[in-house]
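Chain by chain, the residues run as shown.
There are 2 protein chains.
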Amino acid sequence: MLASALRRAATAVARPRPQRLHTLPRACSFATRSYPRPVLQIPQLRKAFHTTPAKSEQAPGSPPPPPPKRRLPSFRTLLKYSAYIAGSTVLGVFVLTGCIFLHDAFTYNEKHIEGVPVEPLALQPERGGPKNLPITKSYLSDVEDAEATELKGKPHLVIVGGGWGAIGVLNTLNPGDYHVTLISPETYTTFTPLLPSAAVGTVQVRSLVEPLRKIVARLHGHVLNAKAVDLVMSERLLEVEVVSPSDTKQHIYVPYDKLVIAVGSTSSTHGVPGLENCFQLKTIGDAQKIRQRIIDNFEVAALPTTSQEERKRLLSFVVCGGGPTGIEAAAEIYDLCQEDIIKYYPKICRKDVSIHVIQSRSHILNTYSEAISKYAEDKFDRDGVDLITNARVGSVHPDKVIYTTRTKDGKTEDHEIPANFVLWSTGIAMNPFVARVSSLLPNQVHKKAIEVDAHLRVKGAPLGEVYAIGDASTIETSIISHLLELVDESDKNNDGKIDFEEWQIMVNQIKKRIPMSEEHLSRVRELFELYDSDADNSLNLNELAVLLQEIGNKITALPATAQVASQQGKYLGKKFAKLARQRRVLAANEVAPDAGDEFVSGPFRYRHLGSLAYIGNAAVFDLGKYSFMGGLAAMYAWRSVYWSEQVSSRTRALLMIDWIVRGIWGRDLSRL
Amino acid sequence: MLASALRRAATAVARPRPQRLHTLPRACSFATRSYPRPVLQIPQLRKAFHTTPAKSEQAPGSPPPPPPKRRLPSFRTLLKYSAYIAGSTVLGVFVLTGCIFLHDAFTYNEKHIEGVPVEPLALQPERGGPKNLPITKSYLSDVEDAEATELKGKPHLVIVGGGWGAIGVLNTLNPGDYHVTLISPETYTTFTPLLPSAAVGTVQVRSLVEPLRKIVARLHGHVLNAKAVDLVMSERLLEVEVVSPSDTKQHIYVPYDKLVIAVGSTSSTHGVPGLENCFQLKTIGDAQKIRQRIIDNFEVAALPTTSQEERKRLLSFVVCGGGPTGIEAAAEIYDLCQEDIIKYYPKICRKDVSIHVIQSRSHILNTYSEAISKYAEDKFDRDGVDLITNARVGSVHPDKVIYTTRTKDGKTEDHEIPANFVLWSTGIAMNPFVARVSSLLPNQVHKKAIEVDAHLRVKGAPLGEVYAIGDASTIETSIISHLLELVDESDKNNDGKIDFEEWQIMVNQIKKRIPMSEEHLSRVRELFELYDSDADNSLNLNELAVLLQEIGNKITALPATAQVASQQGKYLGKKFAKLARQRRVLAANEVAPDAGDEFVSGPFRYRHLGSLAYIGNAAVFDLGKYSFMGGLAAMYAWRSVYWSEQVSSRTRALLMIDWIVRGIWGRDLSRL
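Residue numbers (UniProt numbering), protein chains in the order written: chain A, 1 to 672; chain B, 1 to 672.
Hints were generated in silico from the structure; no laboratory data involved.
Treat each hint with caution, since some may be false.
All copies of an identical chain are treated as equivalent in the list; a pair is satisfied when it fits inside any one copy or across any two copies.
Said to hold, decoys possible - The list that follows gives simulated cross-link-like pairs (lysine to any residue, SDA-like), each with its CA atoms no further than 25 Å apart: (1) Lys111 - Leu586; (2) Lys343 - Ala148; (3) Lys249 - Asn493; (4) Lys137 - Asp296; (5) Lys227 - Gln288; (6) Lys111 - Ile342; (7) Lys554 - Cys278; (8) Lys258 - Gly460; (9) Lys227 - Lys289; (10) Lys282 - Asp296; (11) Lys554 - His482; (12) Lys625 - Gly87; (13) Lys111 - Glu339; (14) Lys111 - Asp383; (15) Lys249 - Glu186; (16) Lys400 - Thr248; (17) Lys249 - Gly602; (18) Lys282 - Asn443; (19) Lys289 - Pro273; (20) Lys289 - Glu186; (21) Lys111 - Ile664; (22) Lys379 - Thr107; (23) Lys137 - Arg605.
Let the hints inform the model, and build the full structure from the sequences given.
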């Protein structure tokens, strides 16, 4: 494209247009004649804006201009425009290139590094804690420069995990407030929503990752490439597993003042046998494996020794789960076949492709509005993607998937799909560290995550020390468990009963503790009368218990999405920043450290900004009140939303480039 | 950069400059006043080119313009220029973006594919050959469209390998001449010279690969993702190993009329024990492994539990071999530390880095000119890279390298370097298929490659059927083996002796057979007299034998470089194209098929275009006659050479982007 633009420009600019001169208003012609060629364009340009000068404005005495030719000029104007635009395009590109080169030339550094100050304690950490492991009281870079040295005295904030939650915290903290340490087994953070695209090479995996060290650098923080395994809350020690140089595993303690658990979740098996034969789509590694398997399948399918039946099996792709991830994966695989496979593999390979989505509910994207599910289903129907709803996966085998459906008369029927690619994208479960932490706390009963209060503090842990966010956590929804404190706070006349005035106080208390209960507590009076069974115009404990229990059940937990994790992370980061700023204020007001959270900020409130999904050269948006769906336009909108959400300008640029590259050269079909 | 440009432009364009108007030549002022704002710039622009209009050219009757102020305008001119440039930059960028979007919107295809014609033979290949394996007489895509069907009748050209040689052939063939089949275990071709850059993330591996299918598509050829294992020359069957859908290996026969062996080579061990502890740098996979190991080393070195000694070992990088690959790898590792590690890891990690190059000769880059070796050595010396020359590697262990040097008095001394990364980049050896082929032919004696004649035909194989190029092959240098034919051809008077006239004939015959002998046969008369030991003014067989033997020994084989492989590939491709074009001519002249090569083209001649190497923000060029070395400028030159050699516009664009990205955001430090 650029090339052609350049060529157009070259020709357009090079061609001199003497014959044009006579068509200029004479009064100005001297100007043009006396100038070098480029300026030849100026009067033309002027014409572009205003074909002939208005008589009234002519300078007195200057002869009238020749009558303008109506048809020709308009055409010429066009020419001039294009010449001008082409010209500036070239110039623009040159300028940019120049700048880039100039900048690049200054990025090569020759300076050498001399002695670096390091504390002996950092080189020889002392041992301690219940298991007598090395404790990282001091870090290698703790005294290497002034900033680091100053941070050494600040409270130690340790963040476990490198996903949406952790990044949310890191990006909202202020440099200099905390001595930050990030614990992650990976060296990078991943932009998970685009993993399906990466899995088929629409975008490159590199465009989805940003090194954690670059993000932490803003806070002069530290990164430990380690895996959290255990927690000693009494001594505020986090036990992590690191790789020792001799490739053996080694455990060490990381001390903390504040700990944020943001380790995410693992996929739940739903007790389905054979999940080891499935692909997941949670990490970069998953995306790479999927990509290789897909290309492998097509390569083997293209071999002359592969039988028809085998070819059909190799090219049948099964997705278990009709949520956004599954749907987008199916859509991306379809795109790959339509736009690239068809060009470079024997056509029969394209013909024999079949894509299946197995969904347990009656609709795909069932968390979205009905209109959206409908739209997506129609699109897939047109594309010949096989949607199997109201079906549950029975078992997954290396060469086939078994699923069951219910017939009208309630009997279950088994079906099987031969396949060489099965993607499992449904449900989440606790990851081992989360399970361990929740097992340490008696009052942690939730099956899938750590229960936290409205301030995202882990329930049962010392207040203000341990927080959990994202998939790893779930905000408590049970009100009944607060019954006694609530009564204490609201039963002003201590008659063990709650009259309406007291009920109003209690409602506010509940809202403060469990903000998510708000919508269910709007109709205060009604509720009061509804549950006042003995109509004594007051609620006794039993009546209250029922009331709170039933309201609690109405509250639905937040979904395990990137959006929730990110908002929780930002909430914590902002709160920590406030805590740091108001440290003195808090001390002055003699606020107990464990009450700091309530003092500086309200409880966490989730604002749903809508959900979106890509469904193959089309996209759908569910923005709560109204929803939006459509073809290419929607797809570009979908891209721009994700584009704007990028963690760094680098990934933003790379993504844009990936999309452009796909457009010009198609997807890269190398098995890499 | 763009952002700032945009901002500059915005302000520059937005700001109206009414105060400027009065400085215009009155004759023109009407024009400006009557136009919308953009045109405000036009008179300013004009001034930019020519500050005041020449008196002589003023329209009669128009009053004289106000005297121009000398200093101010020049400044304004500057302003105007920058405004103009910024403006057009923005415009240019917008135009480009627009074009790209427009183009992109047309790359999404919705059309569905109906029945595809396939020959039954392609679905059920019949068996045959000595091992009774399936024979791919017909391919899946052989009849899917008109072009394919037409090609079916053409001679079957089978190319084994996907490297420089193979690509050289593919890119010089004409579509429609041959039924082309490419056999490669990889799905892509690799731009090997930049592997060292990819190994440290200066460029991305994806930017070095191009899918083979996209290259073959130009010839409507076929790609078999397979590994060549054996050859049946009598029946013209190539035995390849493919992966069957059940992940078991399976062997099939691929029939050929012409076979090109371009499988490259493997690294030679030189009998050094422990090479399994080394990294190689021949494939993308190698580069990825190296990248991960390097990042791993730094991550572990950054752990507080790693002792000083271990840290030094983790950060000591050893390169065995002082050739271009080794040197560039060392230089790139140095760059990584200087430009990126230092920013994001504890400074002590940078300080403890040590890079060692072990070279068996007395200089690194010893195939280059002396000045270049010197320059490179000085550069490394400044950078503190440890060059160990005149040393041979004794053994490689997981945690250290042992090498030996000679003391003055000839004794050998053992030294050891603790290291956690050892790169082996020296010497080549036969890969298994090449070894197998050469074992099939009694007259193949060469240790490291298949011997081919001056036309690149495998010696001993049926003429005009089997060719070998690149690292897999070596052009015969022995003249003595041709003694008898030479005598037959030149001994006109059949007296069993060669007089000077006959000797002259013979020299031409030799040059034709072994073009590389040319330089050694320049002094025809001298040679004749020198070896005519009995001075009877003629050479008898014994004298000839000595002469030819000694000249043969003088000839040095071609180096195993990408340049040689590529030139050989192009030579073959052009020759095959000629053969196809002249098929009728050849038939008319009753040229035996095995004589076709000589008929249509001369022997292969290698033209050395020079060697270059990157040595860390500097580069060296050895262009035979003169050499060129220097800093950044040379580095940019080095880049542009490789840039121009790219196999596709795609990789070209991606490389450029990688270099720009490195300049702006540095290398990606994710372990990926």
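Quick rundown of the hints versus the structure:
In the homo-oligomer, the alpha carbons of lysine 111 and leucine 586 never lie at most 25 Å apart, since the shortest distance is 46 Å inside one protomer and 67 Å across protomers. Taking CA atoms no more than 25 Å apart as the test, lysine 343 paired with alanine 148 passes between copies only; the shortest distance there is 14 Å, against 56 Å inside one copy. For a Cα distance limit of 25 Å, the shortest separation of lysine 249 from asparagine 493 qualifies neither inside one copy, at 61 Å, nor across copies, at 84 Å. Taking identical chains as interchangeable, the C-alpha atoms of lysine 137 and aspartate 296 lie at most 25 Å apart only when they sit on different chains, with a minimum of 23 Å there against 49 Å within one chain.
In the homo-oligomer, the alpha carbons of lysine 227 and glutamine 288 lie at most 25 Å apart both inside one protomer (22 Å) and across protomers (23 Å), since each shortest distance falls under that limit. Taking the shortest alpha-carbon separations for lysine 111 and isoleucine 342, only the inter-copy value of 11 Å comes in at or below 25 Å, while the best intra-copy value is 52 Å. When the C-alpha separation of lysine 554 and cysteine 278 is checked against a cutoff of 25 Å, the pair qualifies neither within a copy, at 35 Å, nor between copies, at 62 Å. Taking CA atoms no more than 25 Å apart as the test, lysine 258 paired with glycine 460 passes inside one copy only; the shortest distance there is 15 Å, against 77 Å between copies.
Both within a single protomer and between protomers do lysine 227 and lysine 289 lie at most 25 Å apart by alpha-carbon distance, with minima of 23 Å and 22 Å respectively. In this assembly of identical chains, the alpha carbons of lysine 282 and aspartate 296 lie at most 25 Å apart whether taken from the same copy (21 Å) or from different copies (22 Å). Within a single copy, lysine 554 and histidine 482 get their C-alpha atoms as close as 16 Å, which meets the 25 Å cut-off; across copies the closest is 96 Å, which misses it. Proximity of lysine 625 and glycine 87 under a CA criterion of 25 Å is satisfied in neither setting, with 47 Å inside one chain copy and 41 Å between copies.
In this homomeric assembly, lysine 111 and glutamate 339 come within 25 Å of each other (Cα to Cα) only across copies, at 10 Å, whereas the closest approach inside a single copy is 49 Å. Taking the shortest Cα distances, lysine 111 and aspartate 383 sit within 25 Å of each other only across copies (9 Å), while inside one copy they are farther apart (59 Å). In this assembly of identical chains, the alpha carbons of lysine 249 and glutamate 186 lie at most 25 Å apart only when taken from the same copy (16 Å versus 35 Å across copies). In this homomeric assembly, lysine 400 and threonine 248 come within 25 Å of each other (Cα to Cα) only across copies, at 18 Å, whereas the closest approach inside a single copy is 38 Å.
For a Cα distance limit of 25 Å, the shortest separation of lysine 249 from glycine 602 qualifies neither inside one copy, at 42 Å, nor across copies, at 64 Å. With identical chains, the CA atoms of lysine 282 and asparagine 443 are never at most 25 Å apart, being 30 Å at best within one copy and 57 Å at best between copies. Taking the shortest alpha-carbon separations for lysine 289 and proline 273, only the intra-copy value of 21 Å comes in at or below 25 Å, while the best inter-copy value is 34 Å. In this assembly of identical chains, the alpha carbons of lysine 289 and glutamate 186 lie at most 25 Å apart whether taken from the same copy (17 Å) or from different copies (16 Å).
Proximity of lysine 111 to isoleucine 664 under the C-alpha cut-off of 25 Å is restricted to the inter-copy arrangement: shortest distance 19 Å between copies versus 41 Å within a copy. With identical chains, the CA atoms of lysine 379 and threonine 107 are at most 25 Å apart between copies only, with a shortest distance of 18 Å across copies and 49 Å within one. Within a single copy, lysine 137 and arginine 605 get their C-alpha atoms no closer than 35 Å, and across copies no closer than 68 Å, so neither meets the 25 Å cut-off.
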